[in-house]
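Order-wise, the sequence lines are chains A and B. Using the working numbering, the letters of the first sequence correspond one by one to residues 1 to 307. Using the working numbering, the letters of the second sequence correspond one by one to residues 1 to 238.
These are calculated hints, taken from the structure and not from any lab test. Careful: at least some of the hints might be erroneous.
List time: in silico DSS-like cross-link candidates among lysine-lysine, alpha-carbon distance up to 30 Å [unchecked claim]:
(1) A:K109 - A:K130
(2) A:K129 - A:K119
(3) A:K132 - B:K3
(4) A:K119 - B:K3
(5) A:K109 - A:K183
(6) A:K130 - B:K3
(7) A:K139 - B:K3
(8) A:K109 - A:K139
(9) B:K3 - A:K129
(10) A:K183 - A:K139
(11) A:K183 - A:K119
(12) A:K129 - A:K139
(13) A:K238 - A:K183
(14) A:K109 - A:K119
(15) A:K130 - A:K119
(16) B:K3 - A:K183
(17) A:K129 - A:K109
(18) A:K109 - A:K132
(19) B:K3 - A:K109
(20) A:K139 - A:K119
(21) A:K132 - A:K119
According to the in silico footprint, chain B covers these stretches of chain A (three or more CB under 8 Å from chain B) [what the hints assert, rightly or not]:
(22) 76 to 84
(23) 99 to 106
(24) 213 to 220
(25) 280 to 287
Where a beta carbon is used, it is the ideal one built from N, C-alpha and C, also for glycine.
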Amino acid sequence: MNEVIIRTENVSKLYGKAAAVCDLSIQVRRGEIYALVGQNGAGKTTLLKLVCGLTPPTSGGLELFGQSSPRQLGWARAHIGSMIETPGFFPYLSAEENLEFYRIQRGAKDGGCVRRALKLVGLDDTGRKKFKSFSLGMKQRLGLALAVMNSPEILVLDEPINGLDPVGIREFREILQSLNREKRTTVLISSHILGELFQIATAYGFISGGRLLEHVSAADLKERCRSCLRIEADNAEKAAAVLREQCGCPAVEVLGETELRVDGNPGDPERLVRVLVENGVGISQFYRSGISLEQYFINLIGGKKVA
Amino acid sequence: MLKLIRADLYRSFHRFYLYLLAAGLAGICLLLTFQARGHATAADLWRMAQAQLFGFPLMVIPMLPDIVFTEENREHTLKNTVAFGVNRAELYGSKTVTSILLGLLLAAAVLGVFCGSSLLLLPRGPEFTGELVRQFFVRFAALCSVYVGAVAVAAVFTIFLHRGALAVFAYYAAIYLSRYLFLLLHIPKANDYLLYSQVHPIVSGAPDAVRQAVLISFVTFAVFLALGAALFRRSDVA
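Build the full structure now, drawing on both the sequences and the hints.
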């Protein structure tokens, strides 16, 4: 779990004078599901393109599996499966023919890998149907099939669940989790569907304006977004004192004259209410609350609107 | 590189456009033969083709990189290959070679239809000798060097301009209009080194002129292949 297999060192990509990615350094460890979270234009896709070699960096370094020379990076990329932006395939070929093209191109001897990849994503029954007749969801599935066809050690996925229906999203999540669990496939993924990322990611990189704002593990993020009790009382200070002294709640934070927050595990909520009322504290609201990944991200970027 | 070429041929043979192009060109050959019936012999037709039609394939050449390159740009499929770590120079080279192979296959099909139909439908005539046949095929083979050079030129425009129609227009300008540009710039000598200028010496020149024209064509091929590979190496793949 400790081996870093993707590392960018102060990597930058300029388009003219505009920086799509600026001095960005990330480290992805083997076996992680690393989620890139950012607004539109934050630099997520550019970063993924840099990793996949689709665009050369203006400055900075990239290391894959500990290799950094152009020749070694080429070797390393043969162990990466990717789906960047919309899946691109030949419209006049069927799903199987499209994958067969890439199987020949990659020199894969095992002809069965095409059928297995199609079966994995549920496209094994599309027959001679051409790619141009596929729905958006089917195109996304075929993109995933290509990404996993060569049993890669790393999957780089850019907005992979766009266009998938709820069942498709669940299947997609299960595929990723099973690849990660059974084959230790490392996943670098970006998505706008933050709730979905929250369910699968083991580490997060928050990006804004081409810069990394924060790197955080899933456990840390869950801790930061953890639920708490929010109480609105007629006298917050008095309520806090009662909770600390009589209920043994150390993590009580007074948020205002009438508002307070109780973190950690304060015990049975009914008992807390009863004790507060018995001590003459008037309660107008008492509820459990936490923040979502989306709210956490919005707070992180200073409340700017998420596109 | 062989597997890249094999994959591109696999894809191209699944494309209806390739067969349409072959059928269209073969149809033109058949039409020529039918038109010649009654007033020309096979020898007349072969000589006329050698003198006037051998330059015609230069107009069709941009369709070859279009099948191999432009489509990949349009359908955003190149990223699947590049992201797999394929060396870009190797990829560019393989695509150029595939374009050339497709051109040779088309040429063989079209030449087969032309020769076959003219021999079947027209009287051969007393001038249809072994020397005429030899000259026809030797000069066509030599002219293939010009076609190969033209494929490399067309491929560069395809990579540089991305858009198929614009690339074709730029190719026609480079092949057919650049001689006027050199005349305007008062460097008419440069015209001797243009690809289009190599057609005439090959179809009707002496062996020395043919050799020089073939050499110029191969140098053009090498220069444009290197230029295209260098451009492709630094370009963004969408």
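Here is what the structure says about each hint:
no.: 1; hint: A:K109 - A:K130; verdict: holds, 25 Å
no.: 2; hint: A:K129 - A:K119; verdict: holds, 16 Å
no.: 3; hint: A:K132 - B:K3; verdict: holds, 26 Å
no.: 4; hint: A:K119 - B:K3; verdict: holds, 25 Å
no.: 5; hint: A:K109 - A:K183; verdict: holds, 21 Å
no.: 6; hint: A:K130 - B:K3; verdict: holds, 24 Å
no.: 7; hint: A:K139 - B:K3; verdict: holds, 25 Å
no.: 8; hint: A:K109 - A:K139; verdict: holds, 25 Å
no.: 9; hint: B:K3 - A:K129; verdict: holds, 26 Å
no.: 10; hint: A:K183 - A:K139; verdict: holds, 25 Å
no.: 11; hint: A:K183 - A:K119; verdict: holds, 17 Å
no.: 12; hint: A:K129 - A:K139; verdict: holds, 12 Å
no.: 13; hint: A:K238 - A:K183; verdict: violated, 55 Å
no.: 14; hint: A:K109 - A:K119; verdict: holds, 19 Å
no.: 15; hint: A:K130 - A:K119; verdict: holds, 17 Å
no.: 16; hint: B:K3 - A:K183; verdict: holds, 28 Å
no.: 17; hint: A:K129 - A:K109; verdict: holds, 25 Å
no.: 18; hint: A:K109 - A:K132; verdict: holds, 28 Å
no.: 19; hint: B:K3 - A:K109; verdict: holds, 11 Å
no.: 20; hint: A:K139 - A:K119; verdict: holds, 14 Å
no.: 21; hint: A:K132 - A:K119; verdict: holds, 20 Å
no.: 22; hint: 76 to 84; verdict: holds (count 6)
no.: 23; hint: 99 to 106; verdict: holds (count 6)
no.: 24; hint: 213 to 220; verdict: violated (count 0)
no.: 25; hint: 280 to 287; verdict: violated (count 0)
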